[in-house]
Structure formats: C-alpha cells, structure tokens
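Just need the whole structure built from these sequences, with the hints factored in.
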Amino acid sequence: MNYFIKQDLFEEDFLQIPKSLLLHTKYKNLSADAKVIWSILYETQIFFYRAGWVDHDTGRVYCYHPQRFIAELDICESFLIIDYLKELHQFKLLEAEKSEVPKLWKYYLIKPDSNNLKMYWKINEKQEELSQKLNHYVTTYIERTKEETEDVMTPEVIRKYNGDLLKEFIKKHQLEHDELVSELYNECIMKNPKNKLSMEYISEAYQNIVNAGNIVEGARKTRQTEEDKFLNQRRQALSYMKNTQKVFAFDSNSNFNDDTLLLFYKHFDLAIELHNRNVLSLPLLSSLKIKYRLSSETFNVLLDQAFTLYDNQAEELIQFHVFFEKILENQSIFEREAKLKDEISTKLLGLPEHLRDFVYHELKKNLEHFPSRYELVVNNLRVINTVYQEFDGTISDTIFEKAFRRLFMQEEIYSVNAYFKNAIKWISEEGNKPKKEGKVTVVEEEVIEKPVDKEEWLSKVVNIRDTEGSVDKMSAKEKEEYFKRAEELKKQLEELDF
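Everything in the sequence shown is counted per this note's numbering, starting at 1 for the first residue and increasing by one.
Treat the hints loosely; a few may be bogus.
Said to hold, decoys possible - Derived Cβ-Cβ restraints for the label pairs, each shown as a range:
no. : residue 1 : residue 2 : range
1   : Glu329    : Gly163    : 51 to 59 Å
2   : Glu390    : Leu284    : 49 to 57 Å
3   : Gln174    : Glu204    : 27 to 35 Å
4   : Glu43     : Gly163    : 32 to 40 Å
None of these hints come from the bench; they were simulated from the model. The beta-carbon is built from N, C-alpha and C at its ideal position, and this holds for glycine as well.
Here you go:
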C-alpha cells in the first residue's frame with residue numbers, strides 16, 4: 001500500500017483533488033462527493049500529524065472517527081458520510097486497522113493510483129490554441145454587438161442620449177437663464193431627432209447663441225438690476241443707522257463693521273426698546289468681541305442669534321450683554337469640545353474607540369483644574385498614539401488608562417514621549433511583581449493590672465515555700481510580680497526589729 005508519511009504533508013497548502021483521482025479509469029465510478037471527502041481528509045492530515053497520530057515505526061499518519069470530523073464541517077448530510085467513506089474503502093483509498101485500544105479503529109488515507117493514467121484532454125498542449133480561439137471569439141462578438149446596437153438606435157433612444165448629454169453640459173457650465181436653456185434645447189434636441197450629438201456640437205451651438213447676444217445681454221441686465229437694487233437698499237440702511245440714529249453711530253475705533261450695523265437695522269425695534277430700557281450697552285458688546293477673540297463674521301452670527309432668542313416680554317429683563325455672554329460661553333464650550341473630538345479622532349487613529357472615549361472624558365475632566373497640562377497633552381496626542389502602536393497591542397486597557405492619568409499627576413514633564421513610555425513600563429512592572437505575603441501582626445491582649453494587696457502576696461510568698469514547684473506553674477507576668485514582691489518583703493523583714 002502507498003501510505004502517507006509525515007514528509008508528504010507539507011508539499012501542498014490548499015485543498016485540491018489529484019488529476020489521477022479525476023481522470024484515471026480506475027476511479028471512473030467513484031462518486032464526486034467521495035472524491036471531495038478524500039480531498040478534505042488529505043488536507044486535514046497535517047492536523048492529525050500535529051495531534052501525534054503517527055505510527056512511530058513506519059511514519060504513517062492516521063486518524064480516529066473521520067465521520068465525526070467531516071460531520072463537524074457540515075458539508076453534507078451526516079447519514080451520507082458513512083456511504084462516502086465506504087466508497088473510499090471499496091476503491092482502496094481508505095484503510096482501517098484495529099488500534100491498541102479496544103473498539104477504536106485507526107483510519108489511513110491512501111494515495112490514488114497514478115500508473116497507466118489515461119488523460120481525456122491535455123490542456124497544457126492546447127492552451128495557446130484555445131487562447132487564440134477565445135480572443136477571436138470575444139473580438140468578433142464585440143464588433144457584432146456594436147453593429148447591432150447602432151442598427152437599433154430608435155428616435156426615442158437618440159433623444160434620451162442627446163438629452164442626457166445636454167443636461168451634463170448645462171450642469172458643467174452652470175447655465176441658469178431659462179431663455180438660454182430653452183434656446184439651446186431647441187437647437188440641439190428638436191433640430192436633431194435622428195442624429196446623435198457630441199459635446200463639441202452642443203458647445204458650438206451654445207457659442208452661436210451667445211454670439212447672437214440677445215438672451216445673454218437680457219440676462220446680464222436683469223442680474224445687474226437685482227444687484228444694484230440690493231446695494232442701494234444696503235447703502236440706505238447704513239446711512240439711516242449712521243446718520244439718523246445716533247445711538248448706533250460709532251467712531252473709526254469701533255469694533256463694529258457695516259454688517260453689524262445692518263444686524264441692528266434688522267432687529268431695529270428690539271434694539272431701540274432695549275436701549276430705552278437701559279439693558280443694551282453697545283460698548284459692553286464690543287468688549288465681549290475682544291474678550292472672546294471673535295471674528296466679525298462669527299460675532300455677527302451669534303449676535304443675530306442672541307437678538308432672536310432674547311425674551312423682551314419677561315417681567316425683569318436681564319442685561320443684554322450678560323445674555324449674549326452666556327451664548328458666547330456655550331458656543332465656546334461647544335466649539336472646544338467639537339475641536340477636541342476632532343483632534344482625538346484624527347490623531348489617535350491607532351487606539352480602539354473605547355480608549356478614545358476614555359481620553360476624551362479625561363481631558364474634559366482635567367481642563368478646569370490643569371489647563372496648561374491639558375494643552376500639553378492635547379498637543380502631544382500623536383505622540384501618545386505612536387507610543388501605543390510601538391507596544392503592538394501588548395498594553396492592556398488598564399495600563400494605558402493608568403499611564404494616561406499620570407500625565408496629569410506629574411509636576412513637570414519635559415518629554416511626553418519619554419514619560420508616557422516609562423509610565424507604561426513602570427505600571428507593567430508593578431503588575432508583574434509577586435505580591436508580598438502580608439505579615440501577621442499579633443496584637444497582645446492588654447492586661448489590666450489590678451492593685452495587689454501586700455498582705456495577700458505576703459501569704460503567697462510564705463505559703464509557696466511549702467509548695468514544691470508552685471513558682472514554675474506561674475505565668476511569666478506572675479513570676480515577675482512574685483519576685484518583685486518577694487524582694488520588697490525581704491527588705492521589710494530586714495528592717496523589722498524582733
């Protein structure tokens with residue numbers, strides 16, 4: 001038998017069916033499904049080898065329960081697998097032997113016979129000829145299809161094609177004047193019901209219409225009239241605000257531009273009412289523009305919003321500049337948070353989303369208490385991203401979070417790159433150190449000394465002399481007290497005059 005040995009397992013790295021299994025007359029009646037099962041078993045020989053299912057004396061690879069393994073792949077009904085394995089055994093492509101373990105069989109996959117192989121076709125020898133034939137067929141088919149397509153170009157198809165081409169031209173050149181578009185439509189579509197147009201033809205037709213001058217000149221005059229009307233209204237409004245209403249007249253040093261004055265003109269009734277009720281101060285509004293470093297465009301947009309939202313029907317009106325400053329603060333917070341989110345999403349691409357959210361909330365939390373450190377960390381977000389990627393995914397979320405928090409705990413940081421790397425290493429080393437066993441602290445029980453009667457100890461000292469081993473039975477505390485009292489008693493006895 002031609003068995004597999006372990007050296008055969010590394011020659012192929014993909015699922016395949018040998019030509020001999022497909023083309024040899026010996027396997028003509030072997031079902032295609034059984035051939036696929038053989039190929040799958042061949043692919044899995046490497047796993048059997050790694051599992052140690054190898055005969056040590058012959059090097060043959062075997063497996064246990066192949067039907068269970070194939071059933072796990074769910075490629076066919078389980079009751080068919082036994083039939084396919086029987087087919088392989090019948091064609092001598094699978095062999096079963098008893099193992100050392102009772103009722104457990106070893107299954108050996110057998111190589112297909114390749115002797116006297118009869119090929120039904122030879123693709124390699126005819127590859128060039130087949131390629132030429134295929135190329136000729138494709139070329140002929142394309143030319144024939146093109147001719148057939150041109151033959152069936154109906155007027156409806158031509159009109160749709162020309163209409164789409166004209167729409168593309170109008171969109172490209174941004175033509176908006178109705179008369180011009182209408183004239184171009186008549187020239188291109190209506191006069192060419194059977195001819196396909198080109199972009200050059202439409203461009204030439206457009207140029208001819210422009211050269212005629214009537215439509216374009218009329219459109220230009222209409223547009224010019226509208227622009228002149230708008231500019232005239234603007235000049236009148238500015239003149240009214242600057243000359244008639246002295247309340248809004250500012251010198252050349254004012255921070256308000258003409259667009260700001262036009263805003264006051266837009267909300268003129270409300271502005272005059274607030275000024276008369278002493279809740280609108282233009283110098284204070286101007287100072288807020290400087291304080292928050294607002295551009296004229298941003299200032300005007302927010303001022304327009306403030307006039308729209310201000311409640312002048314309230315019983316007690318708040319100062320308008322106070323209300324306006326609240327809008328500026330909210331706008332500043334919103335812009336700052338939006339900018340922070342944008343920087344985090346742009347600069348921390350290497351971090352997973354949950355860590356980017358962690359960084360965002362930590363920065364928001366530390367902004368109020370550590371503003372300078374906040375700026376330092378935000379400016380070094382790319383550095384933090386690079387350090388995280390250098391560790392190649394070996395940093396746990398806990399270590400990263402602890403290291404990031406330390407950026408706000410260190411008094412001075414000269415290099416965010418060096419400090420953040422070292423913080424990660426320190427925290428990792430701390431986590432890898434074995435925990436020291438806690439020392440057991442023995443708390444001695446406090447002994448409350450009771451006052452001792454000298455007569456009691458005198459009798460004890462006298463009586464102990466007659467009791468052998470009594471002192472040895474005392475505790476350490478009692479022994480100490482015993483010898484102390486005995487010494488005192490001895491001194492007192494020596495002082496007595498009998």
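Hints, one by one, checked against the model:
Under the hint 51 to 59 Å, the C-beta atoms of Glu329 and Gly163, about 55 Å apart, fit the expected range. A hinted range of 49 to 57 Å for the beta carbons of Glu390 and Leu284 is consistent with their spacing of about 52 Å. In this structure, Gln174 and Glu204 break the distance hint of 27 to 35 Å, their C-beta atoms being roughly 19 Å apart. Take Glu43 and Gly163: their Cβ atoms lie about 58 Å apart, and the range 32 to 40 Å is violated.
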